[in-house]
Every structure is written in C-alpha cells, then in structure tokens.
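Number of protein chains: 2
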Amino acid sequence: MTAPTPSEKALVPFVSVENMMRLVHQVGIERLLVELTDVIEEDFRRWPLFDKTPRVASHSRDGVIELMPTSDGEIYAFKYVNGHPKNMGQGLQTVTAFGLLAEVSTGYPVLLTEMTLLTALRTAATSAMVARKLAPSGSTTMAMIGNGAQAEFQALAMKSVLGVSRLRLFDIDRRASEKTKRNLDGFCFEIEICNSAQSAIEGAQIITTCTADKQFATILTDNMVGSGVHINAIGGDCPGKTELHPDILRRSKTFVEYPPQTWIEGEIQQMEKDYPVTEIWQVLSGQAEGRTSSTQITLFDSVGFAIEDFSALRYVKNRIRGTNLFQEIDLIADPDEPRDLFGMLERAKS
Amino acid sequence: MTAPTPSEKALVPFVSVENMMRLVHQVGIERLLVELTDVIEEDFRRWPLFDKTPRVASHSRDGVIELMPTSDGEIYAFKYVNGHPKNMGQGLQTVTAFGLLAEVSTGYPVLLTEMTLLTALRTAATSAMVARKLAPSGSTTMAMIGNGAQAEFQALAMKSVLGVSRLRLFDIDRRASEKTKRNLDGFCFEIEICNSAQSAIEGAQIITTCTADKQFATILTDNMVGSGVHINAIGGDCPGKTELHPDILRRSKTFVEYPPQTWIEGEIQQMEKDYPVTEIWQVLSGQAEGRTSSTQITLFDSVGFAIEDFSALRYVKNRIRGTNLFQEIDLIADPDEPRDLFGMLERAKS
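Line order of the protein sequences matches chains A and B.
Take 1 as the starting number for the first sequence in the UniProt record's numbering and just add one per residue.
Take 1 as the starting number for the second sequence in the UniProt record's numbering and just add one per residue.
It is worth saying that the hints were derived from the structure and are not from the lab.
Keep in mind it's a predicted model, so treat the numbers as computed, not measured.
Among these hints, one or two may not hold up.
Far from chain A by the CB rule (all over 12 Å, computed), these chain B residues [said to hold, decoys possible]: (1) His25; (2) Tyr80; (3) Gly83; (4) Lys86; (5) Glu192; (6) Ser199; (7) Ser227; (8) His245; (9) Met271; (10) Thr295.
Calculated lysine-lysine pairs in the PhoX-like style (CA-CA distance at most 20 Å, straight line) [what the hints assert, rightly or not]: (11) Lys9/A / Lys86/B; (12) Lys349/A / Lys317/A; (13) Lys9/B / Lys86/A; (14) Lys181/B / Lys349/A; (15) Lys181/A / Lys349/B; (16) Lys9/B / Lys273/B.
For each residue, glycine too, the CB sits at the ideal point set by N, CA and C.
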C-alpha cells in the first residue's frame, strides 16, 4: 500500500532531542547562548507587537499541563509544557516541553521541536539578557542557590554573555552542587561549593535562586543581601511558590516580564498591589530606566514568558536551515484539490 | 556523534497522514465510523467529568489558529487547528489539524497524530451519533447542502450508523457535487445531484448543511423545511457564520454540544438569549428528552467540541496498539538522572 507523496507544505521539520543536542554541540553551547540571548532581546524590543494571550493551564492533583501561545502577526508559536514535581521520584523529568511554529497567513505548521532542552537554554539566555542590562558592571562572581537541572545553563549563559568566571554553589542536597561542579569541569570556572546560602552569596555580584520546592520558601532573607547586587530569581514561578523574603523585595527595584502573569506566578505575589514593578522590555527598548545607582539591589522576578519560547523556536528554525539536524514528518493532510480530502484517502488505498 | 538511546517514556508514538490513511483502510472506513461514533457517545455520557476549558483562539486577518484542550482527569488532549478560508486559493487546506494525548499524572505525551483526516471522521461520527438519537426512525434519505471536504464522511457515517442509503446533493458549485458522487461510487448509495437546496431536501428525513462561506448566509429558509425532519447543521461554526434562517430555529427543538461555545459560534448566535437549547450529552445519558413527536423538527447546531477530539485521539491510541501504523519520535528529553539535563547533553557529545 503506497500513498501519494505529500507536498512540501505537508511535511513539517521536526527537531528531536537527539538533533537538538547535536545542534548545541555543532554551534557550541556558549556561542549558542550568546546568539539566543540576542534573538530574545530583539523580540523583547518589539514587545508591543506580540499577542500576549495568557497561558492555558490544566491543573491536576499531581501537576499542571500548560499551553503557551503567542504571535507577532507573522509567526505563531506555542509551547506545551508540564510541571509535575513528583515525576522525579519515578526517574522522570519534572518539566518536559515541546513547541511548534506556524505561519499566521496560512495556519500551516513550519517547525515542531523538543523544548525540554530548548527551554533550559532560553531560560538561561533570558536571565543573561536581563543581567547584562542590570547587574553591576564588571560582575564576575555569581552565587547559585539551587543546583538542579537549570544550574549549568545559567552558569554558562552568565559566563558567555557577561563574563562571569567565579561560581559559589549551594544546594540543600550537596550531591546536586557536586553534579553541577563536575558538569562544568572544562568550562574554566573557578567553583566553590558552599555550606549555606549565606556563605554562597559572599562576594557575589549576581545571586541566582533556582530551587524546585513547590511552596512558599525563604531561600534568602533580607539581612543576607548586601547593597548593589543583582538577584536573578528564577525558581519562584507558580502560585504558592516563592523563594525570597518580602523584605528583600521592599529594598529592591524589581523587573518583570509580563506583569499580569508575574503577579500570579512570581515573587511579587507576596506583595501589596501597589508594589512598583518595571517591565524589562521597556528597559531594553530604552523606554524605562534600569539600575539607577551602584548601591541599588536589582531583582529580576523571572517566571518565563511565551515570547521567550517564540524567540527560541525562531532561532532554531533559522539555525537548522541547510543542516541535517531535522527529520520531516508528514503531519498535514494535503490533497491535490483542497475540497477533495476523501479522494486523497481513497487514492491512498490502491 | 551518537546520543544515548532514549528510554521508552521519551519516545512518543506519531501517526502520520499516511499511517492515518492506512488505519482507515485496514479497519474499513464504515466500521471505523461506527466504532468512533460509539467511543464519542461513551465520552458524551460521562460529560460532567471533563474539564471544559474554552478554546484559545489567535485571530489574524487571514484566519484563526486555535488550541482546544480538554481532560477527563486521567488523559489530557489538545488539538491544534487552523481555519484559513483563503488557503483554498493557494491549493492549501482551509482547515488542518494535529493533536496530542498526554498522561495527566506525569504530563508526558503518549500520542501525537495528524488530525485533518481524524477531524473529518470525528465530525461525521458526531453527526451520526446525534442523528441516531434524533432523526425520524427508519431515515433512509439525506439531503446534503454543501458538498465540500466533509461531504463523503458525513454520507458514510449516516450510512454505517443509521442506514441512510439515498443522498440528494446540492452545491452552488456543481463540480463539488459531482466530486462527491464520484467519490461515493462503490459505496452503494443512490445519489441524485439537485439544482437547488429546495429540490435537494424533497423527501429527505435528514438535512445536512455544510457550506464553507464565512458569513451570515441563508442556505435554508423556513418555508423549505417540512415537519418531522432532522437538521444536521455543521457549517455554521464561527462568529458571523450561520446557514439557517432564524425562523427555522423558532420552529425547531435545538440540540447543542456545549452552550457557552455554541452561543458564540453556532446557528443560535442569531437568536434571543432566552431561546431554549438542549445539551446533547443530557439526551444521550437519559437526563433530557430528545425528539418528542414525529412532526417535530430536530436541529443539531454542531460547532465541534474538544471532547470529540479527545474521543478520536483515545480511539486512535487504542487502535494502533500492536500495529506498525506509527513511528516513534524522540520528543521528550530523558536524562538518566532527572536533575542532570546538562549531563545528558554533555554525554551526547562523545
């Protein structure tokens, strides 16, 4: 039984996990993080163009499945992503993801790709994009509190984009810090594993918090944080999950991706509704001020937004052009005559 | 460069357009439509269990891209579907679709499949499920007004599920009717191509309207429709797109899938808000009356709902088990140690 060969439009390039890993190694992870940071910044600078539909979440006892769509009027993107804290106990990923790009003018998909790795990359690139703008100039030392799946990506993005060279690691599970240190061997960091969060942040210009507990936690208290630092808070990213004591927020100038989403998911869910936040796209496009003094604490309350996925998908689509880093999958039915779907089906019989 | 072999959970079965066509032919289209009708009815009977999130639509000048998610608490499904009326002019499909099933407990995808063909099949099966309940008993003749991509699927579902054997076709483009007649050669229908909608409905117990114009149109006027018939109105399915004169609705008992969606997209968008509608799941589960007299006009104001896609995806997942009608695609990153995503990436280098 042979079917008619599908036309070009019916075949959608698919980037598997294996091919995504090949892409990272072919480009080089540090170069890729720099390029991705620039692509995300490009899209943040044209922020008002984007359709900012809220994500659609389906919550269950064990976790959440979300669809995150956006569009710039020419390209449509969405990401499927789950969050299941208990998965780790079964040897599964807490967060897995895949994504799709489509042409707005026809609705035809033009890219399907794994996004578990790509999300880790874009999250780190977004942190680096913001830190490049807000961190004290000449930052070289980063404290990383929480050394899970994001840790190495964060470290490499801060290195390649900002020149961070010293890491001070802390995790309540020391093996996580050891894993991170081991994985970063060969990337020319000076790395110290610390016994407490307090100790980790000593001498750091950038503090990255990235823990996984799904609850209100206090990873940092106010007395621990000195003036002039940049806090990159990426672990507090859903309702009921925060990492910072509210007093730190009271002392900081806080930057967010998309306020309606961050008020629900970010650190600022703990604050009064009149707490001031600055949209990071406005800083990047010159419409708002970033850091205004060297003693100011800047805080990026990051939750992850659909436009970052859009940028990452757009980057992958351009980067795989002319390579063999994708397969074509026959996803779209494509009859010779559009009204004759049944005829296509019948002709496939013979 | 070789990557570690992904584990079972990381591989997602993918049903291509070609494999979907093979599945239809292996099962036999009429048998498949009967089985699918029963699976959809099973899910409609347990309707209150489902999460009925509204679809998320991204509108543009040329069309719409929608994500339609639902879940029964154990399985999560969503469909990506576009609607671009101008596509036909470029030789493209107006509507293309694909869908995904995932486990609610882990968020891991378990099926990815084309859904352009599958949507045509589930739409026809849903019409047949409703007609089996509401059409006059012993219905043998169906008028079909609008003979586009859905026509043959509707005809075969009504034949296999209800025993319809006579078709009276009308389309403003006679070639569409000729295409439908030709495609249905060999399926043992008695088919007549008619010169008007009026003529097509003569002697029909079931009237299916399925035209594609994206505007308020009047395919049927009140004086044309006799008592006792069942109207299967599937073309009026988005804001501003209707097919029936309001006076027909005033004389009919109207059945809908999900009222909040049908009020926006269906024929009833023309009616006053106190116009009474009956939810079809309540009829199927014995909680509401269907047809109450042989002279009553019953009207199924169909717009298509996510639960029908859920049922269709569930059916395909079961039906491909043990066959070679799918490929496995490496969609989900699966490190040996969940927190060690970066380690997986690095090990793939060697």
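These are the hints, each one checked on the structure:
Not every Cβ of chain A is farther than 12 Å from the Cβ of His25/B; the closest lies at roughly 5 Å, contradicting the non-interface assignment. In this structure Tyr80/B is not separated from chain A by more than 12 Å, as the shortest Cβ-Cβ distance comes to only about 7 Å. Its beta-carbon lying about 7 Å from the closest one in chain A, Gly83/B breaks the requirement of being farther than 12 Å from that chain. With a closest Cβ-Cβ approach of about 9 Å to chain A, Lys86/B is found to fall inside the 12 Å limit, against its non-interface label.
The Cβ of Glu192/B lies farther than 12 Å from every Cβ of chain A, with a closest approach of about 19 Å, so its non-interface assignment holds. Every C-beta of chain A lies more than 12 Å from that of Ser199/B, the closest at about 22 Å, which supports listing it as non-interface. For Ser227/B, the condition that its CB be more than 12 Å from all CB atoms of chain A holds, with the nearest at approximately 32 Å. The claim that His245/B is not at the interface with chain A holds, since no C-beta of that chain comes within 12 Å of its own (minimum 26 Å).
Chain A leaves Met271/B outside its interface by the beta-carbon criterion, the shortest separation being 29 Å against a cut-off of 12 Å. For Thr295/B, the requirement that its beta carbon stay farther than 12 Å from each beta carbon of chain A is met, with the minimum near 35 Å. Between the alpha carbons of Lys9/A and Lys86/B the distance comes to roughly 16 Å, so the proposed pair stays at or under 20 Å and holds. With a C-alpha separation of about 35 Å, the suggested pair Lys349/A and Lys317/A falls outside the 20 Å cut-off, and the hint is violated.
With a C-alpha separation of about 16 Å, the suggested pair Lys9/B and Lys86/A falls inside the 20 Å cut-off, and the hint holds. Simply put, Lys181/B and Lys349/A have alpha-carbon atoms about 18 Å apart, close enough for the 20 Å limit, and the pair holds. With a C-alpha separation of about 18 Å, the suggested pairing of Lys181/A with Lys349/B holds against the 20 Å cut-off. Under the criterion of a C-alpha separation no larger than 20 Å, the hint pairing Lys9/B with Lys273/B is inconsistent with the structure, at around 48 Å.
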